[in-house]
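*Asks:* Go ahead and model the full structure; you've got the sequences and the hints to work with.
Okay, here's what each chain looks like letter by letter:
4 protein chains.
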Amino acid sequence: MALSSRGRLGTLRVFGPDSDGIVAACSNLMGKYGCNIVKSETWSDQKENMFFNRLVFTHDQPDKVACQQDLTEICKDFQLENRLNWRDRKKKVGIMVSKYDHCLWELLLRHSANELPEMDIELVISNHPDLQSVAETFQVPYHVIPVTPETKAEEEAKQLELLKNVDVVVLARYMQVLSGDFLRQFPENIINIHHSFLPAFMGGRPYHAAHDRGVKLVGATAHYATEDLDEGPIISQDVISVTHRDGVKDLMRKGRILERNVLLKALEAHLEDRVIVHKNRCIVFED
Amino acid sequence: MALSSRGRLGTLRVFGPDSDGIVAACSNLMGKYGCNIVKSETWSDQKENMFFNRLVFTHDQPDKVACQQDLTEICKDFQLENRLNWRDRKKKVGIMVSKYDHCLWELLLRHSANELPEMDIELVISNHPDLQSVAETFQVPYHVIPVTPETKAEEEAKQLELLKNVDVVVLARYMQVLSGDFLRQFPENIINIHHSFLPAFMGGRPYHAAHDRGVKLVGATAHYATEDLDEGPIISQDVISVTHRDGVKDLMRKGRILERNVLLKALEAHLEDRVIVHKNRCIVFED
Amino acid sequence: MALSSRGRLGTLRVFGPDSDGIVAACSNLMGKYGCNIVKSETWSDQKENMFFNRLVFTHDQPDKVACQQDLTEICKDFQLENRLNWRDRKKKVGIMVSKYDHCLWELLLRHSANELPEMDIELVISNHPDLQSVAETFQVPYHVIPVTPETKAEEEAKQLELLKNVDVVVLARYMQVLSGDFLRQFPENIINIHHSFLPAFMGGRPYHAAHDRGVKLVGATAHYATEDLDEGPIISQDVISVTHRDGVKDLMRKGRILERNVLLKALEAHLEDRVIVHKNRCIVFED
Amino acid sequence: MALSSRGRLGTLRVFGPDSDGIVAACSNLMGKYGCNIVKSETWSDQKENMFFNRLVFTHDQPDKVACQQDLTEICKDFQLENRLNWRDRKKKVGIMVSKYDHCLWELLLRHSANELPEMDIELVISNHPDLQSVAETFQVPYHVIPVTPETKAEEEAKQLELLKNVDVVVLARYMQVLSGDFLRQFPENIINIHHSFLPAFMGGRPYHAAHDRGVKLVGATAHYATEDLDEGPIISQDVISVTHRDGVKDLMRKGRILERNVLLKALEAHLEDRVIVHKNRCIVFED
Numbered sequence: 001m002a003l004s005s006r007g008r009l010g011t012l013r014v015f016g017p018d019s020d021g022i023v024a025a026c027s028n029l030m031g032k033y034g035c036n037i038v039k040s041e042t043w044s045d046q047k048e049n050m051f052f053n054r055l056v057f058t059h060d061q062p063d064k065v066a067c068q069q070d071l072t073e074i075c076k077d078f079q080l081e082n083r084l085n086w087r088d089r090k091k092k093v094g095i096m097v098s099k100y101d102h103c104l105w106e107l108l109l110r111h112s113a114n115e116l117p118e119m120d121i122e123l124v125i126s127n128h129p130d131l132q133s134v135a136e137t138f139q140v141p142y143h144v145i146p147v148t149p150e151t152k153a154e155e156e157a158k159q160l161e162l163l164k165n166v167d168v169v170v171l172a173r174y175m176q177v178l179s180g181d182f183l184r185q186f187p188e189n190i191i192n193i194h195h196s197f198l199p200a201f202m203g204g205r206p207y208h209a210a211h212d213r214g215v216k217l218v219g220a221t222a223h224y225a226t227e228d229l230d231e232g233p234i235i236s237q238d239v240i241s242v243t244h245r246d247g248v249k250d251l252m253r254k255g256r257i258l259e260r261n262v263l264l265k266a267l268e269a270h271l272e273d274r275v276i277v278h279k280n281r282c283i284v285f286e287d
Numbered sequence: 001m002a003l004s005s006r007g008r009l010g011t012l013r014v015f016g017p018d019s020d021g022i023v024a025a026c027s028n029l030m031g032k033y034g035c036n037i038v039k040s041e042t043w044s045d046q047k048e049n050m051f052f053n054r055l056v057f058t059h060d061q062p063d064k065v066a067c068q069q070d071l072t073e074i075c076k077d078f079q080l081e082n083r084l085n086w087r088d089r090k091k092k093v094g095i096m097v098s099k100y101d102h103c104l105w106e107l108l109l110r111h112s113a114n115e116l117p118e119m120d121i122e123l124v125i126s127n128h129p130d131l132q133s134v135a136e137t138f139q140v141p142y143h144v145i146p147v148t149p150e151t152k153a154e155e156e157a158k159q160l161e162l163l164k165n166v167d168v169v170v171l172a173r174y175m176q177v178l179s180g181d182f183l184r185q186f187p188e189n190i191i192n193i194h195h196s197f198l199p200a201f202m203g204g205r206p207y208h209a210a211h212d213r214g215v216k217l218v219g220a221t222a223h224y225a226t227e228d229l230d231e232g233p234i235i236s237q238d239v240i241s242v243t244h245r246d247g248v249k250d251l252m253r254k255g256r257i258l259e260r261n262v263l264l265k266a267l268e269a270h271l272e273d274r275v276i277v278h279k280n281r282c283i284v285f286e287d
Numbered sequence: 001m002a003l004s005s006r007g008r009l010g011t012l013r014v015f016g017p018d019s020d021g022i023v024a025a026c027s028n029l030m031g032k033y034g035c036n037i038v039k040s041e042t043w044s045d046q047k048e049n050m051f052f053n054r055l056v057f058t059h060d061q062p063d064k065v066a067c068q069q070d071l072t073e074i075c076k077d078f079q080l081e082n083r084l085n086w087r088d089r090k091k092k093v094g095i096m097v098s099k100y101d102h103c104l105w106e107l108l109l110r111h112s113a114n115e116l117p118e119m120d121i122e123l124v125i126s127n128h129p130d131l132q133s134v135a136e137t138f139q140v141p142y143h144v145i146p147v148t149p150e151t152k153a154e155e156e157a158k159q160l161e162l163l164k165n166v167d168v169v170v171l172a173r174y175m176q177v178l179s180g181d182f183l184r185q186f187p188e189n190i191i192n193i194h195h196s197f198l199p200a201f202m203g204g205r206p207y208h209a210a211h212d213r214g215v216k217l218v219g220a221t222a223h224y225a226t227e228d229l230d231e232g233p234i235i236s237q238d239v240i241s242v243t244h245r246d247g248v249k250d251l252m253r254k255g256r257i258l259e260r261n262v263l264l265k266a267l268e269a270h271l272e273d274r275v276i277v278h279k280n281r282c283i284v285f286e287d
Numbered sequence: 001m002a003l004s005s006r007g008r009l010g011t012l013r014v015f016g017p018d019s020d021g022i023v024a025a026c027s028n029l030m031g032k033y034g035c036n037i038v039k040s041e042t043w044s045d046q047k048e049n050m051f052f053n054r055l056v057f058t059h060d061q062p063d064k065v066a067c068q069q070d071l072t073e074i075c076k077d078f079q080l081e082n083r084l085n086w087r088d089r090k091k092k093v094g095i096m097v098s099k100y101d102h103c104l105w106e107l108l109l110r111h112s113a114n115e116l117p118e119m120d121i122e123l124v125i126s127n128h129p130d131l132q133s134v135a136e137t138f139q140v141p142y143h144v145i146p147v148t149p150e151t152k153a154e155e156e157a158k159q160l161e162l163l164k165n166v167d168v169v170v171l172a173r174y175m176q177v178l179s180g181d182f183l184r185q186f187p188e189n190i191i192n193i194h195h196s197f198l199p200a201f202m203g204g205r206p207y208h209a210a211h212d213r214g215v216k217l218v219g220a221t222a223h224y225a226t227e228d229l230d231e232g233p234i235i236s237q238d239v240i241s242v243t244h245r246d247g248v249k250d251l252m253r254k255g256r257i258l259e260r261n262v263l264l265k266a267l268e269a270h271l272e273d274r275v276i277v278h279k280n281r282c283i284v285f286e287d
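Residue numbers (the UniProt record's numbering), protein chains in the order written: chain A, 1 to 287; chain B, 1 to 287; chain C, 1 to 287; chain D, 1 to 287.
Treat the hints loosely; a few may be bogus.
When the alpha-carbon atoms are kept at most 27 Å apart in a straight line, the in silico BS3-like pairs for lysine-lysine are as follows [unchecked claim]:
1. C:K92 with B:K249
2. B:K64 with B:K158
3. A:K265 with D:K91
4. C:K47 with A:K99
Partial chain B-side listing against chain A, Cβ under 7 Å, derived [what the hints assert, rightly or not]:
5. D20
6. V23
7. A24
8. S27
9. N28
10. G31
11. I37
12. V38
13. K39
14. S40
15. E41
16. T42
17. T137
18. N261
Quick caveat, the hints were computed from the structure, so don't treat them as lab data. Each residue gets a CB set at the ideal place from its N, CA and C atoms; glycine is no exception.
*Replies:* Below, the structure is given as structure tokens:
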């Protein structure tokens, strides 16, 4: 939905302490700049006394600097944070992978089918050469940067250099832990897929742990990566039934179907500016 | 959520041809009457060029007549229909049943657990005496009105007399077809639960038909009753897996779990003014 | 399915180290006693080198003592454990509850609808008087035994006295921890419903913990109670979607729907002799 | 599971009128030929008085001709049909597609990930050249055979010539109706994926029809193709939630995720000899 018949579509997210008049103030502001609101979703967290609003609006390339200034002024009065996106360009995405290919295939296939129209895939970075041919099938550059404990700092520097023009990093089963220095370069813009129903089975080998525990469902969780491994804000989760007949390999096979779906759903929400993070929880507005 | 800490909560639904400025006009109007918008959800159906908006707002008992007049005026300009509900009183619900008790139990139990705070259950009407004791467990009046093809008109007159102060009729597995005259007394206020995934298996004995077809899922559908049997606007649907081992009785047993859940979900949406019917389709806003 | 048209139905479960000829040996034995196998399900856990078999057979009241002796002999050869149940009588069930009523209602309603034909509900024990009227609606005896840390041993003695003729104990949201002495009276015959997707959120207040973590699904888990709290073998699990809009109370409300379904499913499997516990994992044969 | 540590795995399916002693007779026969039963699942359809049995057994290349003869003899006595498969070779699969690529990708990707170890993909046939590069990515031959109403008979002859050594045909969104002559070449070996929850929305453009009806779930159905279009025995079905916000294109996008999963699940069951067709219904044994 990058373009509507009535002009370009932009998004505005505002959030902060709840108070009277926020909706009217924001919709009046956008109206002043010739923007028409085609979608508005709000949410008041009464326990936290917080207000969240996401607007989708048409625009005809108004004075964006002035609009942002006015918005900043209004938000200062209401103590709100704001994220205004005119959506004049697609988000640039870098994908990081190791050896598992199912999430990478899914991202590349959905993108090539034009189902992720809000992004361009800039590159794939891996610590292994295995998936080079997958990236090449879609003419996406593939960079191999092996990582060892000793060389991690300098390898991350290389990765960051490659990612310097990227908006969003997708960890599509990248099996290395990123440093805090790396993570801080992309606040709320690194999406990881973890192969369990978090917070169950954090850390490594979650399918083995799930099998040992004898669970009857396995899950997958997409979340923003933070310095607390597997504890970042959750964007999307899903599960699939398993039985006693399923060994660890079967859990992995069934889980792969889940992982790609859950990652895709989270990425769609992120690309469409539908997520607001507040205190380690994600407000995810509907599409 | 009948009362918030900041005052009473009301709802406003407006819908009609899409045009610029609707959101701002409505939120300004409500602000003028001291109402603060705590939730707003909009939807534009670009194919139909239709706009739908649902607002939840706090109010402090303003001049309601004046507010409705102003609203009517604005809506006339925009060619919108409106539904303004100050939620000063609960909706009065009449339940109609035959012999199956699972949906009736569910409604009475959820209500007595205060999970359906927006309604009062006024009475139960049945064409059979079987479920009298269920209603009595919850001190709800139970009226037996047997219906035969010959006496249908006069029996429906008796039913309508009993239902004359009722806002919403729930057909909780009522196995008689209602006449058009009856249905027209409660436009968009009669909710039926059908025991199949509509439009599959319309009409009678859907579990038998599902078993004959060898389906691997059975469903349930809650919809507004209209004169076209089982063809009214769908509010909620769900399915459950079945296998070759499930006979018709098993489908019925599994389906009963579904039916009560689906009916409950639809009724909640209706009671919270979250549904707008447009051309045989339901816009169902999130809770 | 307590009676088939061809005679009574019994069940046989055998399990132990995998070896050749078990299926033939068991089916021949049953044939020798005039039993016809109407259902057989086997499973070989190749990793553990274990074999599991469940047979459903018709019988015409053969010499049961002799049959059990022969079976024991055969199983000795194969180093198998066996559970032979002629199903001549229903299982006697005792329900333990505290204040939440939804699981108790579900058990009583499904039982009264004849959907749990393999059991008789003998009594309900609670540490609170609140649910007396629920039990009375179905003419089931209700015993109040308050429990305090100081009196726990003697109160459990009273509970055990009441449960002395009971086969199965269902903890239908009973909020007290049972002692090892109590649990050992009913090995693999105490079913607990825990209101989370175990192993996530073990212990108290799981809905609060789930809300704090910002999960997008909440779960329920039915398992056999063991001395390791919330770590017993899992029989059944399910989840339901939640969003940022759901507060703790909403999680509880949605979770209640789950809890009753999951508990019911586990109890059905248990009553139909479809579960075999092996090393903290449940083999659950299909119905 | 093509090979176990204890030898090769084979499958036997027998079915016919229910009578005493079938299980013992079959397991004794297999024992006589040195086969050990590692899995047995039976089902009695009491309404139809039919018995179904699927055995998985290890074998060490016994005298297969003799075993089949003995089996045929036994089955004659019991009036059973039998399907004995030593699984000495993989099933040869031909895929037919038109322009949609998602099901083709899924089959090729899962196969290349060794998740469909029971099959070889022999070729892809299409009435359009569009998906040539997809097949080539996996080095699978791709044949373009355009079909018009006038040339259908001769084009089908070409297709049949290409498929002459194939065991199973998968219609992975092949948008042409096959003739009865074609279908009869592969009885119970042509699997079609239909993009609706059958029997709802049979025939063309089911997503459009689903959108028009305003359903809240869309589905996909994998079934054996028969001369009655979209009325063949159902192997697998699933659904996904949709809302008023989803236009026809969104239904298609969501449905594609479903279609590939449902087709895959059905194909797995078929390849593992887990399906028995009886009177337009599928018995699908668990994996």
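*Asks:* Let me know if the C-beta of B:D20 comes in closer than 7 Å to any C-beta of chain A, holds or violated.
*Replies:* With a closest approach of 4 Å, the B:D20 hint holds.
*Asks:* Checking one constraint from the list: CA of C:K47 to CA of A:K99, max 27 Å. Satisfied?
*Replies:* Status holds; Cα separation ~26 Å.
*Asks:* Interface hint check: B:N261, Cβ to nearest Cβ on chain A, cutoff 7 Å. Holds or violated?
*Replies:* Interface hint status for B:N261: violated (18 Å vs cutoff 7 Å).
*Asks:* Using the nearest Cβ pair, does B:V23 come within less than 7 Å of chain A?
*Replies:* Because about 4 Å separates B:V23 from the closest Cβ in chain A, which is inside the 7 Å limit, the hint holds.
*Asks:* Once the shortest beta carbon distance from B:K39 to chain A is found, is it less than 7 Å?
*Replies:* holds (5 Å)
*Asks:* Next pair to validate is C:K92 with B:K249; report whether the Cα-Cα distance is within 27 Å.
*Replies:* Roughly 25 Å between the alpha carbons, so the hint for C:K92 and B:K249 holds.
*Asks:* Quick check on B:N28 please, does its C-beta sit within 7 Å of some C-beta on chain A?
*Replies:* Holds, because the Cβ-Cβ distance from B:N28 to chain A comes to roughly 6 Å (cut-off 7 Å).
*Asks:* Would you check whether B:G31 satisfies its interface hint, that is, whether its CB is within less than 7 Å of any CB in chain A?
*Replies:* Holds - the Cβ of B:G31 comes within 7 Å of chain A, reaching about 5 Å at its closest.
*Asks:* Does B:T137 pass the interface hint, meaning its C-beta sits closer than 7 Å to a C-beta of chain A?
*Replies:* violated (35 Å)
*Asks:* Please verify whether A:K265 and D:K91 have alpha carbons no more than 27 Å apart.
*Replies:* Distance of about 35 Å is beyond 27 Å: violated.
*Asks:* Would you check whether B:T42 satisfies its interface hint, that is, whether its CB is within less than 7 Å of any CB in chain A?
*Replies:* holds (5 Å)
*Asks:* Less than 7 Å between beta-carbons is the criterion; does B:A24 satisfy it with respect to chain A?
*Replies:* holds (4 Å)
Checked against the numbered hints given earlier, this structure breaks hints 2, 3, 17, 18; the rest are met.
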